[in-house]
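**Q** First to last, the sequence lines map onto chains A and B.
Residue 84 in the working numbering sits at position 84 of the first sequence; the count goes up by one each step and never skips.
Residue 23 in the working numbering sits at position 23 of the second sequence; the count goes up by one each step and never skips.
Don't take each hint at face value.
[Stated by the list, open to error] Listed next, the stretches of chain A that the computed footprint assigns to chain B, with coverage defined by at least 3 CB atoms under 8 Å from CB atoms of chain B:
1. 90-101
2. 430-444
3. 532-539
4. 554-560
[What the hints assert, rightly or not] One-sided and incomplete, this derived list gives chain B residues near chain A with beta-carbon spacing under 8 Å:
5. R152
6. G170
7. I179
8. L206
9. W231
10. S235
11. E293
12. V301
13. F308
By construction, these hints were calculated from the structure, which means they are not laboratory data.
For glycine and all other residues, C-beta sits at the position ideal for the given N, C-alpha and C.
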Amino acid sequence: MPYMQTRISKRLCDNMPTIEVNYEDLLSLVGKHIPLDELREKAILYAKGEIEAVDGVNLKIDIKDTNRPDLWSAEGIAREIAGRYGKPGLPEYRVGKSNIVVNVDPKVNKIRPLIVCAVVRNLKINDDILSQMIQLQEKISLTFGRNRKEVAIGVYDMRRIKPPVKYTTVKPNGIKFVPLEFKQKMTPREILKKHPKGKEFRHLLEGCPEYPILIDSAGEVLSLPPIINSNYTGKVTRKTRDVFVECTGFDFRFLVPALNAIVSPLADRGGRLESVENIYPGKKMVTPDLRPKKTRVHIDYMNRLSGLNLKIRDVCRLLEKARYKAKPKGKVVDLLYPAYRQDIMHERDVVEDVLISYGYDKIEPIVPRLATIGKQSEIEAFSESAADMMIGLGNQEILSYTLTSKKNLFDRMNLPESPVVEIENIISSNWCVFRNSLLPGVLEFLSRNKNREYPQRIFEIGDIILLDEREETKTRDVRKLAFVLSNTTIGYEEVSSMLDALLSNLGLKYSLKQSNHPSFIKGRAASIIVSGKEIGVIGEIHPLVLSRWNLEKPVAGFELNLQQIFEKLKK
Amino acid sequence: MYRLTEEGKRYLRDGLPETNLANFLKAPLPIKEAREKIKNFNIALLWAKKNNWVKIEKGKLILLKEPTKTAAQEGLEMVSRAEELGDEILNLLLKRKLIEKETGIVTEAKKMIGKEITNLTPELIKTGLWKRVRLKPYNVTAKGIKIYPGKRQPYNHFLFLVRRKLVELGFREMTGPMIESEFWNFDALYQAQDHPSRDWAQTYTLKHPKHGKLPKPRIVSQVKATHENGWKTGSTGWGYKWDPKKASQLMPRAHGTACSARQLAKGVEIPGKYFAIKRCFRPDVIDATHGVEFNQVEGIVIDPSLTFKNLLGILKQFAIEFTGTKKVKFSSGYFPFTEPSAELYVKHPKMGWIESGGAGIFRPELTEPLGIDIPVIAWGLGIDRLAMIKLDIKDIRELFSKNLKWLREMPVI
Numbered sequence: 001m002p003y004m005q006t007r008i009s010k011r012l013c014d015n016m017p018t019i020e021v022n023y024e025d026l027l028s029l030v031g032k033h034i035p036l037d038e039l040r041e042k043a044i045l046y047a048k049g050e051i052e053a054v055d056g057v058n059l060k061i062d063i064k065d066t067n068r069p070d071l072w073s074a075e076g077i078a079r080e081i082a083g084r085y086g087k088p089g090l091p092e093y094r095v096g097k098s099n100i101v102v103n104v105d106p107k108v109n110k111i112r113p114l115i116v117c118a119v120v121r122n123l124k125i126n127d128d129i130l131s132q133m134i135q136l137q138e139k140i141s142l143t144f145g146r147n148r149k150e151v152a153i154g155v156y157d158m159r160r161i162k163p164p165v166k167y168t169t170v171k172p173n174g175i176k177f178v179p180l181e182f183k184q185k186m187t188p189r190e191i192l193k194k195h196p197k198g199k200e201f202r203h204l205l206e207g208c209p210e211y212p213i214l215i216d217s218a219g220e221v222l223s224l225p226p227i228i229n230s231n232y233t234g235k236v237t238r239k240t241r242d243v244f245v246e247c248t249g250f251d252f253r254f255l256v257p258a259l260n261a262i263v264s265p266l267a268d269r270g271g272r273l274e275s276v277e278n279i280y281p282g283k284k285m286v287t288p289d290l291r292p293k294k295t296r297v298h299i300d301y302m303n304r305l306s307g308l309n310l311k312i313r314d315v316c317r318l319l320e321k322a323r324y325k326a327k328p329k330g331k332v333v334d335l336l337y338p339a340y341r342q343d344i345m346h347e348r349d350v351v352e353d354v355l356i357s358y359g360y361d362k363i364e365p366i367v368p369r370l371a372t373i374g375k376q377s378e379i380e381a382f383s384e385s386a387a388d389m390m391i392g393l394g395n396q397e398i399l400s401y402t403l404t405s406k407k408n409l410f411d412r413m414n415l416p417e418s419p420v421v422e423i424e425n426i427i428s429s430n431w432c433v434f435r436n437s438l439l440p441g442v443l444e445f446l447s448r449n450k451n452r453e454y455p456q457r458i459f460e461i462g463d464i465i466l467l468d469e470r471e472e473t474k475t476r477d478v479r480k481l482a483f484v485l486s487n488t489t490i491g492y493e494e495v496s497s498m499l500d501a502l503l504s505n506l507g508l509k510y511s512l513k514q515s516n517h518p519s520f521i522k523g524r525a526a527s528i529i530v531s532g533k534e535i536g537v538i539g540e541i542h543p544l545v546l547s548r549w550n551l552e553k554p555v556a557g558f559e560l561n562l563q564q565i566f567e568k569l570k571k
Numbered sequence: 001m002y003r004l005t006e007e008g009k010r011y012l013r014d015g016l017p018e019t020n021l022a023n024f025l026k027a028p029l030p031i032k033e034a035r036e037k038i039k040n041f042n043i044a045l046l047w048a049k050k051n052n053w054v055k056i057e058k059g060k061l062i063l064l065k066e067p068t069k070t071a072a073q074e075g076l077e078m079v080s081r082a083e084e085l086g087d088e089i090l091n092l093l094l095k096r097k098l099i100e101k102e103t104g105i106v107t108e109a110k111k112m113i114g115k116e117i118t119n120l121t122p123e124l125i126k127t128g129l130w131k132r133v134r135l136k137p138y139n140v141t142a143k144g145i146k147i148y149p150g151k152r153q154p155y156n157h158f159l160f161l162v163r164r165k166l167v168e169l170g171f172r173e174m175t176g177p178m179i180e181s182e183f184w185n186f187d188a189l190y191q192a193q194d195h196p197s198r199d200w201a202q203t204y205t206l207k208h209p210k211h212g213k214l215p216k217p218r219i220v221s222q223v224k225a226t227h228e229n230g231w232k233t234g235s236t237g238w239g240y241k242w243d244p245k246k247a248s249q250l251m252p253r254a255h256g257t258a259c260s261a262r263q264l265a266k267g268v269e270i271p272g273k274y275f276a277i278k279r280c281f282r283p284d285v286i287d288a289t290h291g292v293e294f295n296q297v298e299g300i301v302i303d304p305s306l307t308f309k310n311l312l313g314i315l316k317q318f319a320i321e322f323t324g325t326k327k328v329k330f331s332s333g334y335f336p337f338t339e340p341s342a343e344l345y346v347k348h349p350k351m352g353w354i355e356s357g358g359a360g361i362f363r364p365e366l367t368e369p370l371g372i373d374i375p376v377i378a379w380g381l382g383i384d385r386l387a388m389i390k391l392d393i394k395d396i397r398e399l400f401s402k403n404l405k406w407l408r409e410m411p412v413i
């Protein structure tokens with residue numbers, strides 16, 4: 001599994017959100033004092049968090065769940081901790097009616113068809129609330145919202161909006177408003193061209209004849225989704241008391257949980273939730289819907305999977321700590337859970353919540369006693385033998401990347417370009433195709449070590465990728481071995497002896513046949529033939545190739561298809 | 001110059017045969033008996049008669065006089081001391097093949113007698129003349145010229161040791177292609193095609209080739225149904241329309257779990273333990289901790305009896321086997337395809353708690369469409385991190401070092 005790659009090395013989940021939280025604010029939300037050590041060692045684990053850094057009262061916390069946007073704020077973390085620190089049970093959210101209507105114009109259908117909204121009143125906004133709200137909005141739209149593609153979020157000062165609100169479209173030059181953090185009025189086209197957010201997200205509206213716009217009954221613009229809010233309506237400050245929240249996108253499956261995840265923290269802070277009527281042609285949708293959701297878990301399933309021997313009342317108690325409402329019924333527990341959670345799809349998901357409440361540190365690790373026979377893959381075992389032989393012959397092994405460039409594979413090798421596996425979303429011109437030969441890699445290695453002592457004798461064993469229409473993946477991995485020798489003077493017979501030592505000790509009969517290969521000097525290259533099939537090439541590298549690699553000393557070497565050799569010997 | 005032949009050396013050591021014979025005869029002795037008692041009897045008799053020491057009468061040997069030291073005896077001793085011989089005795093010994101002419105090299109070696117020499121030669125050893133020369137002392141504390149042996153690449157060697165350890169622990173190695181279909185990379189792992197969880201990591205896409213083939217229709221339809229409505233797994237499913245075209249898209253393998261999914265579909269032994277050490281690719285910004293290409297070590301354990309306790313047990317066993325520490329702790333984790341999940345931390349004497357691996361029980365939405373309805377524990381190790389600690393490397397790129405000096409000087413571990 002990918003994640004296993006840890007802090008400073010490759011992470012499992014590259015998109016794992018890191019959030020900043022004020023320690024004192026977090027404790028006041030939990031309603032209990034927790035020493036920092038205890039928070040780090042125990043409490044934060046309930047919210048699947050890990051404290052990455054502490055700077056005064058500022059905590060940097062990694063939340064190790066990319067599918068739980070409800071955890072990505074101080075309020076969300078506090079809910080999980082509070083459940084285990086004296087406040088178990090289902091958090092309840094009352095949603096009043098605001099009677100505010102948002103009319104959705106069918107014109108948005110082809111551009112960004114869906115919107116869901118909510119109102120939160122009576123907020124006492126301070127810096128903590130404000131920073132958490134902004135951070136949560138950013139994290140949700142970045143990770144869960146796929147960088148605003150699936151979910152873009154807007155929060156507005158309700159007092160500056162005159163309902164009903166309309167979600168419609170405008171021509172790129174069809175309206176002017178002052179975007180957030182700017183002073184002058186701009187058209188949507190100008191915003192996309194000049195505003196930093198416009199430049200960052202304009203690709204989301206690429207090719208659209210009109211742009212989505214959210215506008216109130218007085219003609220005041222709320223925002224240009226998914227790009228930017230208006231500076232007038234869309235600026236939330238410490239003075240704001242009531243806010244209007246909207247999420248736009250393409251699929252209610254993402255928009256509804258995102259909206260719930262944004263507004264429930266505001267309710268946790270004492271805000272009063274009110275619903276909004278989103279009127280679609282022929283359909284009305286009232287949001288937010290924070291009625292708890294239902295599921296159930298079987299006690300036998302729980303115990304079989306966990307290896308624990310829990311009584312039904314234990315399960316109920318542990319789930320109440322995880323903020324469920326649990327009602328035992330025979331061997332089943334009927335459950336209600338908060339609407340902000342969208343990750344529960346299977347009984348299995350409930351099992352983990354029980355285990356987290358129980359505490360991983362209290363569960364005894366037991367090594368399974370299973371009688372199995374270990375076995376290395378055959379090609380790996382064969383590669384080991386070949387490597388041992390090359391080492392016995394005094395050669396240094398190297399390891400290089402599979403990804404390389406066409407320049408290395410073709411131009412520098414004096415070869416005509418041929419089809420290879422190519423990357424589409426290239427991030428560096430050094431890594432845009434997969435190697436179809438090992439020789440360029442070993443030559444590149446030599447070129448980086450011109451100031452090291454000679455002779456240099458190196459080899460690499462690794463996979464290359466060939467295109468193959470017959471294969472399921474249209475490609476085939478082929479295990480190869482490449483060897484090169486470089487010194488002030490070298491002889492063809494030196495590499496030829498190396499080849500002979502290797503192949504004869506692998507028990508292989510072979511012959512050499514003079515051949516022409518553009519990477520080698522004419523008359524100094526040969527095909528290596530086994531049972532009438534070419535399994536490799538040997539020769540002295542062409543000076544043209546040497547100069548293209550900036551090499552100044554002669555090089556000779558060979559490349560072998562270990563895969564073919566292995567298959568031949570297996571017969 | 002002359003030296004003793006093998007026969008000459010023997011006589012010098014054991015005495016001349018004629019002398020031995022004469023010494024042996026106290027009373028008349030039948031020839032037959034003497035032949036049995038005396039070595040080289042014919043030679044002994046010939047020379048004893050010539051010296052007038054014995055005579056034969058009625059088949060018996062009779063001593064005429066006590067033997068005296070002969071010229072031949074004297075000659076052998078002189079040659080052994082490398083002294084010059086007179087012509088007469090020289091010819092006698094040559095005739096009896098007790099001495100021979102020395103080669104030039106031996107002559108040269110003899111010139112060394114009494115001198116201080118540097119090189120001990122085969123001639124000095126053979127002739128024993130080493131006893132009569134002085135061997136010059138060397139500066140034994142000086143270091144020799146640097147030589148570079150053939151060696152494994154250190155990181156590759158580390159991976160080899162990991163592989164061997166896993167085999168010792170009863171794991172079987174899995175295989176799978178570097179270029180994978182999205183089906184095996186994502187869909188079979190129950191990551192919805194349109195869901196943000198598919199974006200848990202950046203992945204590469206291919207310009208060429210674009211699409212591959214999907215596996216057996218039965219597996220495809222079960223995966224499709226599970227995504228759309230949960231099929232018969234007891235799950236709600238993701239609730240969207242699954243697109244086979246998207247699943248057939250090819251991409252460089254983003255994680256080794258693709259191999260595990262293939263193995264489950266191919267069929268597994270029960271109980272079964274499998275692992276893979278595989279090159280994976282992700283378009284990260286390259287820095288000291290991120291490479292676009294890296295290795296993942298991961299695998300699966302399959303048995304009807306497995307529980308979460310076993311999951312922690314497997315992780316703890318890995319900690320002991322791969323890091324040598326029993327100081328471990330666990331935390332919850334999240335992997336899109338496992339539930340419940342755990343992460344492993346091990347205590348490093350200097351660096352503190354290090355995240356070293358993770359594991360989870362594969363979701364039923366993953367295993368059941370592939371035909372497995374018993375628990376499958378999936379695990380992974382932070383192998384690059386462990387390698388960096390072991391090789392004392394600060395920059396992940398050095399695992400694929402292009403520095404020959406470093407490779408040559410790095411001790412084999």
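**Q** List in ascending order the numbers of the hints, as given earlier, that are violated by the structure.
**A** 1, 3, 4, 9
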